[in-house]
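Build the complex from these two chains, which are given one at a time in their own frames, with help from the hints.
Take a look at the letters that make up each chain.
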Amino acid sequence: MSAFRDKVSRAGAHGFSPTRISAMVMRHVYLLRRSWPRLLELAYWPIVQVLLWGFISKFFATNSTWVAQAAGVLLAGVLLWDVLFRSQLGVTISLLEELWSRNLGHLFISPLRPYELCISLTTMSLIRTLIGILPAALIAIPLYEYSIFDMGLPLLAFFSTLLVFGWALGLAIAAVLIRLGMAAENLAWLLVFVLAPISGIYYPIDVLPGWVQVIAWMFPAPYVFEGMREVLFHGVFRVDLMLAALALDLVYLLLGAGAFLYSFRVARVQGLLLRTGE
Amino acid sequence: MLEPAIRVTRLTKRYKTVLAVAALDFEVTRGSVTALLGGNGAGKTTTLSMIMGLVLPTSGAIEVLGQDMVHHRYRVLPRMNFSSPYVELPRSLTVQENLAVFARLYGIPDRTKACARLAEELDLTAFLKRATGTLSAGEKTRVMLAKSLLNQPELLLLDEPTASLDPDSADWIRTYLQDYQRRYGATVLMASHNMLEVERMCDDVMVMREGKIEHRGTPAELIRQFGRDTLEEVYLDIHRREGGARAAQ
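Chains as they are written, first to last, in my numbering: chain A, 297 to 574; chain B, 607 to 855.
The shape of chain B in the complex, shown without the other chains (with noise of 0.2 Å):
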């Protein structure tokens, strides 16, 4: 059997006095697509960065497609990629001029061939002369997303892919994202606040809270549990909860 995409052990990142994330166990399985969702604070960026060896982290160890993430990262990371809305590429750089440096960064072979193929695939070829810091958010959601699939990832790691996105472009972002995965059998782990887009997505969710995994399964699974008919709802009983909680400490 092939092992997990992903396996976390015991995975804690303190900060100071604060707690980010607390002795997370979980895998992730190959060619699965995996959100990880919670409020904010929850401990999802935290995580995602230690994944991508951003963040060191203070105990316990991370794999990634058989790599030690903490000692070894640059054997996996060739492997890996990642898209956010939060982390920009370069304003003043063309779309053309930023791809044909994250493909040299990526050893991409033929890479005009690789980069006008993508810029194709993603419907980039008329602004491919613009600044990127000109472009709509769907449009340099796009070039994120071309960004981050330039070394055909075995992993892609998204943090809120379609954000500030209309509902269009959100859902031609989405069906991309489903195509690329079946086609490439790639793996996708995603931060993500928005639940329709869990449910379409995703067959595995990982419900985060102070740092740790409070509940786990297939939107189905969570759904069911809940007594709830959307995955909305249930991130909100959770959410209402954790309020309730707090309010009566």
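Bound conformation, chain A alone (with noise of 0.2 Å):
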């Protein structure tokens, strides 16, 4: 064997490489980089947002007492629920722009294994996230007088935990997207809205019937903006409440993964990574 040949053999036998991963995360950048309505879509919606739940709670912040104690708890929570939100679709527009460009059979032909390529989607979710949230978190301050960058170190824990979690769901999807393909595309915008009601993104838990709260509880959001608000309203960092979001986003985490890895498989069994696209 020649040696170029060995080495890309040695390299290629690897079970674990960086190099295929930012290999992935290159796809998916030099895509972005060159398409500027992608670049405007992350950062559309949740710069409309802002501009909306910034008037909201202006007018809310003399109307209401309870948005009068803390002015930025809805657009906190907005901002928060973006983060989840995006971090999810990050995972899943990534899979279906290897979909939409019939590029399965290609990366899976190369050495790439199923877990890097999980690992590139959810860097690119973190990198989606940040584009998204950013600009409308920066026009937040010369327009509403209010900085979510002002909760500090909290904030880095309510979105690193809210970004795991939207990466669980992400993945979760994807294990669908890889079993239906293009059939199951809407799932990629819309699952996540179920869980809007119960994450008691705009209002405490408690308002929700008893049964509901139970159900509530067994995701990581609402200990999220349960904690947000401590901080806003009483300027407390509950580590009960980030203890049990961390546990919970790592068990869906693990459940994510496990059914991406487990679909990859099955679209083995049935042949299916070559018969995406629309």
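Take the hints with a grain of salt, since some may be wrong.
[To be verified] Covered stretches of chain B, as calculated for chain A (at least 3 residues, CB under 8 Å):
id: 1; segment: 645 to 656
id: 2; segment: 693 to 699
id: 3; segment: 728 to 735
id: 4; segment: 745 to 758
id: 5; segment: 766 to 773
These are calculated hints, taken from the structure and not from any lab test.
Positions of the beta carbon are idealized from the N, C-alpha and C atoms, including for glycine.
Structure, rendered in structure tokens:
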């Protein structure tokens, strides 16, 4: 075997390769870099949301004693909810880009491992989330004199927890996309909204009926939003809420990644990897 | 003696009620150019997909370059590659970007130089900065080929390598593939519907029907066996016989 082939062979046989992950990240960065509509789409909705909720907050600040106690509570809610939504979407859209371009066959005859694809999808999710959320968060500062960054370190904890939960949801949806192809495309956009009413984004969980509360506490998001309100209203960072959210994150991430890897195997059994595309 | 590039034993693939590949047995000699022929639904694509590890067999064994493809595919994937006009590269990425991504995926040493060399050989230099989706069929095929040769594969799998190309572009691709095969001693397994191409390029032909290999030999042997002048006539003979048998049923 030639020295070239020997090097390639050894690189490919390696069980985990940051180079392969970076290749997949590069592939999506190239795509974003040359497509301004894609970039605009990422930032558009979070900015519209912030504009809308900024004015609602202004109105409630003088008409609601609850909002008046912490003027940024609604804006912080909307921004953090968007972290979860963008994070989930970041995973699924990156996979959908592969399905749309019918590229899965090429990827899976390369030495790329399915778990490396998982990691690259989550890395892209982080990049897409930051591109989406940062402009919206920055716009709120001059427009409404509200900076979410004033929350300090707790913001990092809330952001990370919702980001990881978004990955878990994204991977679970990606698993369905691999199995069903484009027929399940709408799930990428809609599924996360099932959780919105029970996440306590704009109101405390205890306003929900008792049995709904039991369901709500099974997900990490309510712990984050309750934690956020504790910080904004009382200046207290509740470690207990954070730990519960992180523990649930871990469970959901394992379930999401497990579903993704399992669906990849099923796709190989059913011969779905070459039959993707519209 | 060198082990075969591909050894397939009792290979079977069943999709629910459809038997796509039925207990196939064959070997592909190292350094040979082998064609897999057959009508639509004969089992060619399923067989190729199982050899690549994209589809798991229902039963049977596949050894590629001495490795068990079902259980150790990552040992052999870096040593093989695949090109098909039906599996595309991201259309919005430029040719250069696509090659750079796949060079990284394959862990190619000195990536920039390797991509530039292939671009030069395959006459891609002029449109390296163009989006892959904007290229003509012939240009796309050459890009796809460049992607599939990035890792200097010992085993190259091709699905209709010259489909939808004009005669001149098709001839260019065939000449390049033959040259690559000789230069690197690669094994080529290709599915094709172009009998002239198969006659020109292949030293071994397997004709599949209903998931089984019905006939095998060199193009010359098959032509002699069927008492015909060209492989195209042989193929039509087999195909019509199939049609007749089906009608009789």
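message: Taking beta carbons only, do three or more residues of the segment 645 to 656 of chain B come closer than 8 Å to chain A?
response: Contact hint for the segment 645 to 656 of chain B vs chain A: holds, 3 residues under 8 Å.
- request: Quick one: see if chain A covers the segment 693 to 699 of chain B, three-plus residues with Cβ-Cβ under 8 Å.
  value: Since three or more residues must qualify, the claim that chain A covers the segment 693 to 699 of chain B holds, with 7 doing so at under 8 Å.
- request: Quick one: see if chain A covers the segment 745 to 758 of chain B, three-plus residues with Cβ-Cβ under 8 Å.
  value: With 3 residues close enough to chain A, the hint holds.
Assertion that chain A covers the segment 728 to 735 of chain B - criterion: three or more residues, beta-carbon distance below 8 Å: Result for this restraint: violated, n = 0.
Chain A covers the segment 766 to 773 of chain B, three or more CB atoms within 8 Å, holds or violated: Since 0 is below three, the answer is violated.
Comparing the model with each numbered hint stated earlier shows that hints 3 and 5 do not hold.
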